[in-house]
Amino acid sequence: MKRKQKSYRLVAGLFLYLLLAVQSVSAQTDIDGIMMAKNNFCSGLMYSHSSWSNYWEGTLKRNNANLGTVSSSMLAWMGNYGVSDKLNVLFGLPYISNKASAGTLHGMKGLQDLSLWVKWMPLEKEWGSQTFSLYAIGGVSLPVSDYTPDLLPMSIGLRSKTISLRAMADYQLGSWFATASATYVIRDKVTLDRELYYTTQLHSSNEVAMPDASSINVRAGYRTGRMIAEAIWSNWRTLGGFDMTRNNMPFVSNRMNASMLGLNIKYNLKAVSGLSLIANGGVTLSGRNMGQASSIGGGVFYIIDFSPKKKTKADQAKK
Amino acid sequence: MKKITAYISLCLMAIVLYSCSKAVSNATDDAPMLAPAKTDIDAGAWKPILLTGPTEFPVAAPAAVNSTGYIAELNEIKGYQQHITPEQQAAIRYWGAGGVLRWNEIMRELVSKYNLPPYQNADGTYPFPSAANPFAYPLFPFANPPYSARAYAYISAAQYDALVAAWYYKKQYNRPAPSKTDAAIKSLLPASDLPSYPSEDAVLAGVTAEMMKLLFPGEIAYIQQKAEEQMLAKIRAGMATRSDVEAGEALGRLVAQKFTARARADRAGAAAGTQTDWTAFETQTVARGEIPWISQETPKRPPMLPLFGKVRPFLFDEATTVALRPGPPPSTGSEQMKKETAEIYDLVNHPTAERTRITHFWADGVATPTPPGHWGAIADADFIGQRFSEVRWARNMALLNMAMMDAAIVCWDTKFAYFNPRPSQMNPAIKTLTGLPNFPSYISGHSTFSGAAATILGYIVPGRANAYTAMAQEASVSRMYGGIHYRSDCEVGLVTGKKVGEYAVTRAKTDGAD
Numbered sequence: 001m002k003r004k005q006k007s008y009r010l011v012a013g014l015f016l017y018l019l020l021a022v023q024s025v026s027a028q029t030d031i032d033g034i035m036m037a038k039n040n041f042c043s044g045l046m047y048s049h050s051s052w053s054n055y056w057e058g059t060l061k062r063n064n065a066n067l068g069t070v071s072s073s074m075l076a077w078m079g080n081y082g083v084s085d086k087l088n089v090l091f092g093l094p095y096i097s098n099k100a101s102a103g104t105l106h107g108m109k110g111l112q113d114l115s116l117w118v119k120w121m122p123l124e125k126e127w128g129s130q131t132f133s134l135y136a137i138g139g140v141s142l143p144v145s146d147y148t149p150d151l152l153p154m155s156i157g158l159r160s161k162t163i164s165l166r167a168m169a170d171y172q173l174g175s176w177f178a179t180a181s182a183t184y185v186i187r188d189k190v191t192l193d194r195e196l197y198y199t200t201q202l203h204s205s206n207e208v209a210m211p212d213a214s215s216i217n218v219r220a221g222y223r224t225g226r227m228i229a230e231a232i233w234s235n236w237r238t239l240g241g242f243d244m245t246r247n248n249m250p251f252v253s254n255r256m257n258a259s260m261l262g263l264n265i266k267y268n269l270k271a272v273s274g275l276s277l278i279a280n281g282g283v284t285l286s287g288r289n290m291g292q293a294s295s296i297g298g299g300v301f302y303i304i305d306f307s308p309k310k311k312t313k314a315d316q317a318k319k
Numbered sequence: 001m002k003k004i005t006a007y008i009s010l011c012l013m014a015i016v017l018y019s020c021s022k023a024v025s026n027a028t029d030d031a032p033m034l035a036p037a038k039t040d041i042d043a044g045a046w047k048p049i050l051l052t053g054p055t056e057f058p059v060a061a062p063a064a065v066n067s068t069g070y071i072a073e074l075n076e077i078k079g080y081q082q083h084i085t086p087e088q089q090a091a092i093r094y095w096g097a098g099g100v101l102r103w104n105e106i107m108r109e110l111v112s113k114y115n116l117p118p119y120q121n122a123d124g125t126y127p128f129p130s131a132a133n134p135f136a137y138p139l140f141p142f143a144n145p146p147y148s149a150r151a152y153a154y155i156s157a158a159q160y161d162a163l164v165a166a167w168y169y170k171k172q173y174n175r176p177a178p179s180k181t182d183a184a185i186k187s188l189l190p191a192s193d194l195p196s197y198p199s200e201d202a203v204l205a206g207v208t209a210e211m212m213k214l215l216f217p218g219e220i221a222y223i224q225q226k227a228e229e230q231m232l233a234k235i236r237a238g239m240a241t242r243s244d245v246e247a248g249e250a251l252g253r254l255v256a257q258k259f260t261a262r263a264r265a266d267r268a269g270a271a272a273g274t275q276t277d278w279t280a281f282e283t284q285t286v287a288r289g290e291i292p293w294i295s296q297e298t299p300k301r302p303p304m305l306p307l308f309g310k311v312r313p314f315l316f317d318e319a320t321t322v323a324l325r326p327g328p329p330p331s332t333g334s335e336q337m338k339k340e341t342a343e344i345y346d347l348v349n350h351p352t353a354e355r356t357r358i359t360h361f362w363a364d365g366v367a368t369p370t371p372p373g374h375w376g377a378i379a380d381a382d383f384i385g386q387r388f389s390e391v392r393w394a395r396n397m398a399l400l401n402m403a404m405m406d407a408a409i410v411c412w413d414t415k416f417a418y419f420n421p422r423p424s425q426m427n428p429a430i431k432t433l434t435g436l437p438n439f440p441s442y443i444s445g446h447s448t449f450s451g452a453a454a455t456i457l458g459y460i461v462p463g464r465a466n467a468y469t470a471m472a473q474e475a476s477v478s479r480m481y482g483g484i485h486y487r488s489d490c491e492v493g494l495v496t497g498k499k500v501g502e503y504a505v506t507r508a509k510t511d512g513a514d
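Protein chains in written order, with my numbering: chain A, 1 to 319; chain B, 1 to 514.
Hint data in this document are derived by calculation from the structure and do not stem from the laboratory. Using N, Cα and C, we set each Cβ at its ideal position, and we do this for glycine too. Some clues are possibly wrong.
Derived CB-CB ranges, DEER-like [what the hints assert, rightly or not]:
no.	chain 1	residue 1	chain 2	residue 2	range
1	A	Y47	B	F135	44 to 52 Å
2	B	T298	A	L142	31 to 39 Å
3	A	A65	B	E56	48 to 56 Å
4	A	A271	B	P351	39 to 47 Å
5	B	T125	A	Y171	55 to 63 Å
6	A	A271	B	P299	12 to 20 Å
7	B	Q275	A	N63	24 to 32 Å
8	A	S97	B	A261	49 to 57 Å
9	B	S331	A	A65	29 to 37 Å
10	B	I291	A	S97	29 to 37 Å
11	A	W176	B	P351	44 to 52 Å
12	A	S97	B	T125	50 to 58 Å
Simulated crosslink set (BS3-like; lysine-lysine; CA at most 27 Å straight-line) [stated by the list, open to error]:
no.	chain 1	residue 1	chain 2	residue 2
13	A	K99	B	K300
14	B	K22	A	K189
15	B	K186	B	K226
16	A	K99	B	K431
17	A	K61	B	K300
18	B	K22	A	K161
19	A	K109	A	K189
20	B	K258	B	K310
21	B	K431	A	K109
Using the sequences and the hints, build the whole thing.
Next comes the structure, spelled out in structure tokens:
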């Protein structure tokens, strides 16, 4: 029964906190073991703030008095529609604003990348108080404004069109659960405004080949119809790319890696059915060519039922 | 219904997947094989830059083409041509596009690799790279814009002089290319009537490998490999024999040594200055009643090569450097300065997509070939279509790169004569949209480089003159869009650069090539 909850929660846009590599927002439920019920549309806004003072220049951890603390604020509009109980379509669209507390570099802001996801649950087995389910998830992201990726860490994103392919498993025992997923991210080449750039060699082109990336996400905690509280560990790896050289600026095709630990809490309000609040936070445990970001965020979401037959208040109260 | 939706989604993803591409090619990967429109057989009479004449370093007469020694050399080529691997074929095609072109590209690569400001010491001072120990951090050199402008100029000028000498002996000894002597030898690159002794490719390899000892001592080994690849590729391709190459390399190295000797005495080695110099700029500016430039970096970094203005130019003498120095910028206390600062404040706070594009296109900051390298790439792209001979290509690059080195000298002389602050120092609320260079504002380096480059390039390729002028103006104004220069820095920089460029045009008109 847990699967049928009109639950909605956020993954804390984990990759967003990768800061040096602001990835496309992981829209709410593309990475958790919960499906929206058929004809239900959940949408809301998520705000988060993250910042770092230390970063990894290649593998060397350092600070930079000419950047101070680099902070990023994100306001994202997200949504999830239940095409069926086993098939959901999701989207996310973040607006991002970056700035540095020291140095002379101007902050940058703008709409980043639109992400669209299809989430399919081909298998769900229940026995006793246990439930096991498998998911296949695919997503695309594409930049929706003319931001430049060529002034990292101030740039709001990497501007690469991506395709994500994810396999995920979820296990629930009573009110306790664990979810694990693995994702492969195919990244399209990026176009810069200049025609000469150096990686480990000089390129006379305005196009940059982007290495693909992979991620693993493990989350576990307490989950009922009313609330969810979970801990999240994630690991993002760039499959290739190069290290920043000494005292160089970051570049879009750097080998950006990070592992992060986060907490996420979602609560469905009793007073207003369909309304939920979300709070989350996270820290970066280790990284490479990235900032050691910490983040905190919150959001509010509301579910609208587009079922042809209107449900009564009594129906909704049962959930 | 669900399944259909799932299938459609999967198909859509497959399509997007297919359209994703990893392949990125360089602009000159498929450059045509160099087939010069004319051999410039009389280039031995062109005016060299440093050499007293084309025979300053004599080249011995080659063995006759019917000698046993020469026949053995032909057999070496035939041996290579029995079996050429794809890798060897790739090297032949790479160098076949043009030796001057490829060495220019390699130079831009080295500059990009070394164009990184050193990280500070624990006590807040900054280390300086040491030519004596190029592999220790900070790597030698810090290939910043003045250093690079000078490096490009020396390489190109030395290549030109060495090729003038080579062309002199080519005409004198008139040894035909191997494939003309022996029909069994295939010419794997476009054949021409240019005599092959001494080999122009080997001249270029020798010059550049020798100059590396001074300019990029940490890259001698890398450049030596490239040089050997170039020389062997030309032997394999049937374009030169072993003795053509050996004579060419030796000539190239001798000419390079003359340029190296000049470089060691041109005052660039002392351009970093000392604390006494840095303090003097500040106190002298205050004494004139002006606000002095202050480094905006933390910790404060000494200004970049403040004595570079005293370096010996190629196209004129030191007195002319000072004579070319423009009048002062608007006083830091003036209404004009207030107005110009306000203009930059407004620009950085209202960026447009087009202005951002222009800022980034011309940024040429850390880890790039710098503005002189950018202009070199622009020139090479156009020269490919001109089908210049190697000696003419080298001559044109020498004119361009000497103009930009001398532009750097005049620009740096001006910057440190006036030592005036950047917009973000005058108004700390101004945040920049590109990296802020660590030296005084007036006059803009980009503008001076670009004014000089557009002027000489417009002479070399007249059909593109208007385009070069437009590019120079865009490069110039990009520095205002980026928030790092006032309008007067850019406008006066362009005018000053043009004046430097005119010296290159004057030389071009009298060097015998046109």
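Hints and how they fare:
1. A:Y47 - B:F135: 44 to 52 Å: holds (49 Å)
2. B:T298 - A:L142: 31 to 39 Å: holds (38 Å)
3. A:A65 - B:E56: 48 to 56 Å: The hinted range 48 to 56 Å holds for A65 of chain A and E56 of chain B, with Cβ atoms some 53 Å apart.
4. A:A271 - B:P351: 39 to 47 Å: holds (45 Å)
5. B:T125 - A:Y171: 55 to 63 Å: At roughly 59 Å between Cβ atoms, Y171 of chain A and T125 of chain B fall inside 55 to 63 Å, so the hint holds.
6. A:A271 - B:P299: 12 to 20 Å: Given about 56 Å between the Cβ atoms, the range is violated.
7. B:Q275 - A:N63: 24 to 32 Å: holds (26 Å)
8. A:S97 - B:A261: 49 to 57 Å: Since the Cβ atoms of S97 of chain A and A261 of chain B sit about 56 Å apart, the hinted range of 49 to 57 Å holds.
9. B:S331 - A:A65: 29 to 37 Å: holds (32 Å)
10. B:I291 - A:S97: 29 to 37 Å: Distance hint for I291 of chain B, S97 of chain A holds at roughly 33 Å.
11. A:W176 - B:P351: 44 to 52 Å: holds (51 Å)
12. A:S97 - B:T125: 50 to 58 Å: About 36 Å separates the Cβ atoms of S97 of chain A and T125 of chain B, which means 50 to 58 Å is violated.
13. A:K99 - B:K300: Cα-Cα ~22 Å, so holds.
14. B:K22 - A:K189: holds (6 Å)
15. B:K186 - B:K226: Holds - the C-alpha atoms of K226 of chain B and K186 of chain B are around 23 Å apart, at most 27 Å.
16. A:K99 - B:K431: holds (10 Å)
17. A:K61 - B:K300: holds (22 Å)
18. B:K22 - A:K161: holds (12 Å)
19. A:K109 - A:K189: Distance of about 22 Å is within 27 Å: holds.
20. B:K258 - B:K310: holds (21 Å)
21. B:K431 - A:K109: holds (14 Å)
Of the numbered hints given earlier, the model fails hints 6, 12; all others are met.
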